[in-house]
Amino acid sequence: MSHGDMLKDYRVTDEPYYRPVADEIALFTAAYDRRLPVMIKGPTGCGKSRFVEYMAWRLGKPLLTVACNEDMTAADLVGRWLLDADGTRWQDGPLTQAARYGAICYLDEVVEARQDSTVVIHPLTDHRRALPLDKKGELIRAHADFQLVISYNPGYQSLTKDLKPSTKQRFTALRFAYPPPEAEAEILVRETGIDPQLAPPLIELAVSARRLKGHGLDEGISTRLLVYAASLMADGVPATQACRMALIDPLTDDDDIRATLEHAIDALLA
Amino acid sequence: MPSWPDGGAAPSAATALQDEENGWRQRLGCGFVPVQSIFAKRLSDARVHLRDADLAAYIDAARVLCRLGRGPEPVLAFLEAWPQAAGRFGQDGLAAIMAWARGIGPTPNGDVLGGFFRALPALADALDGSARLKDYIDLLNAVARHTTVSIHGRHATYASHALPELIRVAPPHLKHVSLAGLRTWAEHGLRHDPHNPQRQADYFAMRSADSRAVFQDQRRGTSLRAHERRMDLYLRAFWNDAAPIIAYSEAFDHLRKPQPYTDDQGLHLPDLRDDRDGVSGLDQYRLILAHLAAHRRLSEPLIADNWSPFQRLCIEYFEDARIDTLVLRRFPGLRKTLLSLHPYPGEHDCDSARESCIRHRLTMLSRAILDPDCDYGNPLLREFVGRFHDRLIRGDSSTQEMAALATEYLVLSRLPSDNLPKIHFADSEIPYRDDNRHLWRFIDLDEDQEEAEVRAPEIPAAPGITHHYPEWDYAAGDYLPDHVTLHEHLHPRGLAEEITRLLEKNAVLARRLTRILDQIKPQGRDRLRRQEDGAELDLDWALRSWIDYRCRHTADARINQDIRHAERDVAVSLLLDLSASLADPIGGAGDRTVLSLAQEAVTLLAWAIDRLGDPFAIAGFHSNTRHEARIWHIKGFSEAWNDDVRARLAALRAGYSTRMGVALRHAGRALSQIRKDKRLLLVLTDGQPADVDVSDPEFLIADARQAVRELERQGVTCHCISLDIRSDEYVQRIFGRHFSVIDRIERLPERLPEIFLTITS
Ligand SMILES: Nc1ncnc2c1ncn2[C@@H]1O[C@H](COP(=O)(O)OP(=O)(O)OP(=O)(O)O)[C@@H](O)[C@H]1O
Ligand SMILES: [Mg+2]
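Chains as they are written, first to last, in the working numbering: chain V, 1 to 270; chain U, 271 to 1031.
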């Protein structure tokens, strides 16, 4: 089939490393079997994207990822007319492509997009499973393989940035948190090849810093940042510098918090 | 006097001595009987400390004092004290002291001389040399000048109450404070209550709270206050403990040196730490905190009555060592700091034949447990170090297990001399450890506490958080540190529906506001045309371009249009004056009060801000003297405009006075944490700052102005909405041009949101 080729670039060919934390794989599979839209909630850098990538590989479906931002409009998702030598030409947006040819469409950080842009996904997420392209005058019936997945960080919730209730109510949800310490240690070792002895103090630092959320930190140290720190250390960067560069400096400019965490690095990693 | 066993050469030596003594006695030439009778003893003491030349100066000085007309007391005190101080002060110092004594002797303050000389050895210790002695004497002169009451302008008639107190108090305190600091403290005392000698005396005696607070501010070392937040963060992050950290002072407790401790109220730490053993004050604080926090998490209380005092001491050492071991297990990087502070007594420093070695022994044990490189040879000690570590190999062990190990060690290591009254204390104080009061439960005491609990309900129902804020003293041009105590409470709740009803009542107004809101609300979709990249094709331009292209002109690639979202970048904190005058009825019909109008206005404003989506907070304030300023939390930034908030708003009550500066500082502090471009602090008030303990009307105005300036520097704009039509003058002085006066108070509900919208859009 030709559409298989259309999405060739979006196939996940190698198995991504994903360390299951609970029963999320089974639950996601069940949702996919019914083609239910899934919303993945959790703090930044806790493994949401990695999980979706892994599931796409496991289910053998192509994956189209869209990183949402506030300047994104409906056209960025659906498609638009472009100008070329022979006049105007329609270009499918990622959502349209996924629906047309059958892929998992992953809208990362969907709250970042304006609420009026996100409503275009509504018809795809209920029983209609269709996407009207008003500008083009076409109605796309979603491919049998198509599934919509969005991710969402409840920590950023503010009065202005939230999903419309009518959007939320179209999804099933999986709630993610930072992996428990043993799992997180395993991830660091697998991802970076760091000495297994060095992982626990790094994680202790992260777990402690996460308690400061709301006391001067907007977000705790993510698994992603831990992976960064560990990979620097695995390459021989001294622990103190690696932690400062990957765990503290990206996170905060608050002098008191920095001093506290830096002291802790010295105390934990002697 | 030395006594000679028999005749021979000695008697002639004795005679020579006697002659010499008589010579000095003559030189002194002082007829006071008490001086005469003690002179021989003083002279022989002085000979130990003074060389001949110094001895002559000593006698000459005493001679002068004898003739000052102040009786024998200064002479006696001088004769006793000088030899001990002479080594440090030297001839220069003596000259300075005598010049001062000659000056003050004939004045009404001449009586202080005795006290001055008695304090001389302590002073010599604290000043360590004569260089700073002159500054100290200057300070005494300044205080004498300012505190001596002179009735007819020229003749100083009444002695200063403050001077003798200062002379008594200063020497011991100079250990904690620099001379400059002492001077600042004294000057502060001189400025305050200049017409109330008794209060001034209390100040200089460090009996008043002000005096202590100002003094604290002058002390040297690392102050806990400066690092309070770091300590809080550390405790919360690494020990998951949100208990408050409370400072105590070591400066006023000379008898007993208080140690850190933990109890139901929180963790108590010294307010000041000097660097010691190469460890900064901050690192000491962290270690104290780690030790205390680990106790709080890992120690179980024991029944004190079941153990002897020796056993308790021993258990404390073992338990402390367990706690430290577990702290180090988690934070190996702290070992260096810990071992720098932990004493390392020499194994044979204590002589068990003559003194009790129990503390020495236990400190050694503790050292050996914590320091892998420790080289004590005592086999019993080594055995117990091993057994201690065995207990901790598999886990955290427990207080109970430590108690068992400790009692066994005590039995096996016991020496008869342990009971000697002379205890070897050297090197047994471990400065980062606490007093372990949490470890012991006293059965008798517990019963007392139960009684206390029965009385408890008398304590006011809503406990608050206490903060201390400085206040600006415009006359001094300086802050009064920690001058105001601010209690923060959650506002009591009423019925949220009342607020909802207020909104319904103002439906017309609300509708009008909605129109304004819609205008300024940032659905602000600015259309940007002629963009190269954009969300949508701009057909007009695209066609034009296409035609150009077709005609082989250069085509303009900017054929898209884009939409930009404007965003409001405002955070607001609303501060409500809840002083008694708000309860005044307003003229006209009904029982409406200023407060009810304010409530209505705030309701509308809150509703409007909520629609705009700006983060906002609401609090009320009033005060009843500087010891009781209150701030009532109504809505926080992270709270939604929900029924809880509305219920609090519904219950507003007015009372007491208006201490505005402290409320501004407190609300501003929270606001300055919010990351927004514009941070607006709105103050709604009906009168000028005032409080019952302040008589100078300018004082609180100046303080409020100062608070406004502080906040401005932190990027917070204060805007006052005044209901006092005569307020222009002082409001302007406080808020500059940032104020609005509501002349017709009935219009407040519509004016308040309007003013807000004008300021922020
Ligand atoms: N369960 C896991 N198994 C394997 N790796 C993980 C897991 N959780 C987190 N990681 C690691 O953390 C990194 C960040 O995860 P990921 O990018 O999926 O975060 P995210 O939740 O999508 O973050 P964001 O919300 O910022 O997009 C991954 O690159 C991976 O190295
Ligand atoms: Mg992601």
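Any given hint might turn out to be false.
Stated by the list, open to error - Below, simulated DMTMM-like cross-link-like pairs (lysine to aspartate or glutamate); rule was C-alpha separation at most 20 Å, straight line:
1) V/Lys213 / U/Glu498
2) U/Lys946 / V/Asp253
3) V/Lys136 / U/Glu806
4) V/Lys164 / U/Asp880
5) U/Lys606 / U/Asp641
6) U/Lys527 / U/Asp381
7) V/Lys135 / U/Asp884
8) V/Lys41 / V/Asp14
9) U/Lys606 / V/Asp266
10) U/Lys946 / V/Asp9
11) U/Lys606 / V/Glu262
12) V/Lys136 / U/Asp808
13) V/Lys61 / V/Asp14
14) V/Lys213 / U/Glu909
15) V/Lys213 / U/Asp511
16) V/Lys135 / U/Asp832
17) V/Lys164 / U/Asp884
18) V/Lys135 / U/Asp810
19) U/Lys946 / V/Asp14
Said to hold, decoys possible - A short list of chain U residues far from chain V (calculated; beta carbon distances all over 12 Å):
20) Gly804
21) Glu806
22) Asn830
23) Arg862
24) Arg1007
To be clear, the hints were calculated from the coordinates, so they are not data collected in a lab. Computed from a predicted structure; not experimentally measured. For glycine and all other residues, C-beta sits at the position ideal for the given N, C-alpha and C.
Item checked: Violations among the numbered hints, reported as their numbers in ascending order -> 6, 7, 8, 10, 19, 20, 21, 22
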